[in-house]
Amino acid sequence: MDEFAIKAQNLTKKFGNFIAVNSISFEVKKGEIFGFLGANGAGKTTAMKMLCGLSIPTSGTAKIGELDVYTQKDKIKSRIGYMSQKFSLYDDLTVLENIMFFGGIYGLRRSLLQEKCKNLLNRLNLNRQRNHLVHSLPLGWKQKLAFSVAVIHDPTIVFLDEPTGGVDPLVRRQFWDLIYEASDRGITIFVTTHYMDEAEYCNRISIMVNGRIGALDTPHNLKVEYGVTSMNDVFYQLARGK
Amino acid sequence: MMTEPIITVEKLSRTFQKGKVKAVKNISFSINKNEIFGLIGPDGAGKTSIFRILTTLLLPDTGFAHIAGYDMVKEYKKIRQIIGYMPGKFSLYQDLTVEENLHFFASIYGTNIDENYHLIEDIYNQLSPFKDRKAGNLSGGMKQKLALSCALIHNPTIMFLDEPTTGVDPVSRKEFWVMLSKLKRKGITILVSTPYMDEASLCDRVALIQDGNILSIDQPGNITKQFPRSLYSIRSNQKGRIINYLRMFKGIYNCYVYGENIHFNFEKEDHREMLVKLKKNLQHKNLFDDTIRIVEPSIEDCFIEMLSGRKSNAIENG
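Here the protein sequences come in this chain order: X and D.
Our numbering applies: residue 16 is where the first sequence begins, and numbers increase by one.
Our numbering applies: residue 9 is where the second sequence begins, and numbers increase by one.
In short, the hints are calculated from the structure, not lab data.
Careful, some of the hints might be misleading.
Okay, derived cross-link-like pairs now, DMTMM-like style, lysine to aspartate or glutamate, Cα gap no bigger than 20 Å in a straight line [said to hold, decoys possible]:
1) Lys41/D / Asp69/D
2) Lys194/D / Glu12/D
3) Lys28/D / Glu47/X
4) Lys194/D / Glu129/D
5) Lys182/D / Asp106/X
6) Lys247/D / Glu47/X
7) Lys26/D / Asp107/X
8) Lys45/X / Glu240/X
9) Lys44/X / Glu81/X
10) Lys97/D / Glu177/X
11) Lys182/D / Glu196/X
12) Lys238/X / Glu268/D
13) Lys247/D / Asp199/X
14) Lys97/D / Asp106/X
Whole structure, please, built from the sequences with the hints as guidance.
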């Protein structure tokens with residue numbers, strides 16, 4: 016059994032003279048909810064793309080489970096789930112069509128997919144909307160559906176890129192209920208967010224500053240270390256170097 | 009305090025897709041001169057439709073609005089000259105440079121950069137190292153600053169900022185609000201929308217909006233004062249288990265995670281015995297290591313309270 020879902024060592028990405036990710040090393044434990052924070056432009060998206068097998072590192076190593084980001088990119092893509100605020104589902108397909116489409120892409124057998132589909136619709140209370148276009152769903156429902164679809168193939172890890180941006184406070188909490196459930200099933204969660212209260216819901220968080228990892232610990236330990244009472248203050252001190 | 013309205017909105021409604029989608033439902037409000045007025049609500053609440061109506065880009069189905077004394081429909085050209093609009097979606101010319109964009113917007117409003125440079129100086133200083141870069145190649149935070157500069161360059165009386173901080177990190181958000189308070193000091197009225205509840209406290213007055221309806225309009229401090237229940241907070245590292253317990257406990261009205269804490273309240277204000285029982289049970293189950301404290305509600309707490317009320321009403325009525 017693998018102990019780590021992600022293990023990165025001196026991972027680096029340069030674009031010309033610009034170092035977007037500067038020799039970062041960290042590990043994410045299996046089943047952990049790991050918050051990946053940082054200011055805009057700190058290098059989060061670039062780092063995440065390398066971990067998803069979408070961008071080849073300039074140097075350093077990273078493994079997703081036992082899979083190598085240089086040589087096993089396609090295998091990585093089949094083992095992970097991904098959702099972002101910007102792209103998650105096809106607006107002009109129905110709820111059901113989206114589920115079947117993504118399940119099919121991930122190669123789930125038809126009988127299994129049908130069962131998963133039934134459970135998913137029940138769990139999200141979307142049975143009545145199953146034949147509605149995704150376009151017509153409120154954002155919060157869309158995001159809950161997108162998350163459920165991103166984990167339909169029981170990936171070892173799911174990458175969530177600002178999944179709750181703009182979502183109302185009640186639905187934002189329901190979304191985190193889904194995250195906890197997935198985590199209980201053993202799925203590792205790798206999540207970025209600009210909501211500092213959500214940083215508190217993670218087991219551990221890292222904060223990227225100018226391409227490096229400025230801090231990495233449990234929310235509680237970080238607050239103690241920086242002598243402040245909120246994650247907002249931790250973030251502010253790190254990102255502004257005060 | 010001067011309370012002269014500069015924007016008045018009366019019974020505004022707007023539907024889309026032949027009436028199927030009701031984006032704005034019969035809303036009325038007014039905005040005072042030199043106020044920072046916040047429209048606070050999640051995606052799909054109707055914020056952008058309201059912005060597009062007030063900036064004369066979209067006609068309402070019913071209702072009307074006056075902007076600085078001008079009729080929104082008949083005098084839309086006059087309104088366009090005195091307002092600045094920063095849409096939620098980045099709408100500058102991506103293939104023009106930073107400086108060319110600014111120059112372009114100044115000239116279509118019949119002015120030039122020098123004339124109103126004092127207004128954008130603070131913001132543009134941070135951009136000037138990139139003045140020859142194409143707008144499409146700027147980072148998110150820089151795009152936002154350029155868009156604000158372009159919306160300001162003709163010295164507008166009223167600024168409309170549609171979700172200027174969405175997707176922006178907490179530090180840059182804070183800096184953005186410092187810029188807004190400086191603009192207010194220069195006499196500009198600002199209507200701003202945001203899905204971040206914590207930004208409500210930075211506005212003079214806010215309208216909380218959901219599903220095309222206004223849930224409440226007031227100063228942020230008054231909205232939190234009107235929270236109808238005592239709000240309790242527990243801190244614990246077993247949040248999931250406590251929430252599950254609270255959900256089953258009879259007499260609890262609402263409970264939810266709030267950062268590192270759990271917030272909850274009771275159906276009835278006369279709940280002393282219940283609270284004692286709850287404490288005892290939680291201790292008995294080894295479920296909390298802190299104390300239960302009464303806390304001041306935030307705008308987010310108020311929003312959750314209002315949404316919960318609406319949902320249970322909907323069930324009773326429906």
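Query raised in the report: Which hint numbers doesn't this structure obey?
Result: Hints 1, 3, 5, 8 and 11 are the ones this structure does not satisfy, whereas the remaining hints hold.
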